[in-house]
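Asks: So the sequence lines, in the order shown, correspond to chains L and W. Quick note on the numbering used here: the first sequence kicks off at 1 and runs consecutively. Quick note on the numbering used here: the second sequence kicks off at 117 and runs consecutively.
In case anyone wonders, no lab produced these hints; they're calculated from the structure. The structure presented is a predicted model; accordingly, all values stated were derived computationally and were not measured. Glycine is no exception: its CB is placed at the ideal position from the N, C-alpha and C atoms. Don't take each hint at face value.
Heads up, incomplete: computed chain W residues facing chain L, CB under 7 Å, no partners named [stated by the list, open to error]:
| hint | residue |
| --- | --- |
| 1 | 159 |
| 2 | 160 |
| 3 | 162 |
Next come the chains, spelled out residue by residue.
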Amino acid sequence: GAVVSQHPSRVICKSGTSVKIECRSLDFQATTMFWYRQFPKQSLMLMATSNEGSKATYEQGVEKDKFLINHASLTLSTLTVTSAHPEDSSFYICSAPLGGAGREQYFGPGTRLTVT
Amino acid sequence: GENVEQHPSTLSVQEGDSAVIKCTYSDSASNYFPWYKQELGKRPQLIIDIRSNVGEKKDQRIAVTLNKTAKHFSLHITETQPEDSAVYFCAAGFNFGNEKLTFGTGTRLTIIP
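Work out the full structure: start from the sequences and follow the hints.
Replies: Listed below in structure tokens is the structure:
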């Protein structure tokens, strides 16, 4: 099956700093990628839809100036958490649809962000 | 927007028995309904999905049923095994999986040996 990777898998940063998370589709092109956030023992909540070559679409309640998304190529989307605070500590997961009718979405392995 | 509800939140089943998890969705335009299994700290793994033009789908011990009129779908696991223990999420989406997914709240399934 198709592979989506994320880097880093774990990151610890200090409050007030920024951290970048990469999501790559390794063997297919993804014009669209999705970024989800999952707090402990909770469900996946969609943060934004990343669109190659255009601005990301953010879900209601997600601050676009805090969570910067860049989809610079057909295989790479990045999420930058700016001025991180402890409440941003979470599991961030990206996904990419393979495209075409009836094709599943492929999830990255996730990035565990801890803000101290 | 879409809203997906999932029940129960926890489920304990004797090994060998069946487990059923139910979800309802709100947007009749949704046409793709995947089920994911997630182990602690790992990515969700697709175990089965169903599209709106199908009422039932089965893959070995796992089956999913969809009732479009009532806007609900269910996951059935038969002959449960200890390795089935995990958190299961249902989801609903548009455009047959090519667009964003709305997830249910999850069910923690525990198989009792």
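Asks: Look at each hint and say if it fits the structure.
Replies: Results of checking the hints against the structure:
Taken as an interface hint, residue 159 of chain W checks out: its beta carbon lies about 4 Å from the nearest beta carbon of chain L, inside 7 Å. The closest approach between the C-beta of residue 160 of chain W and any C-beta of chain L is roughly 5 Å, which is under the 7 Å cut-off, so the hint is satisfied. Because the smallest distance between the Cβ of residue 162 of chain W and any Cβ of chain L comes to about 5 Å, under 7 Å, the interface hint for this residue holds.
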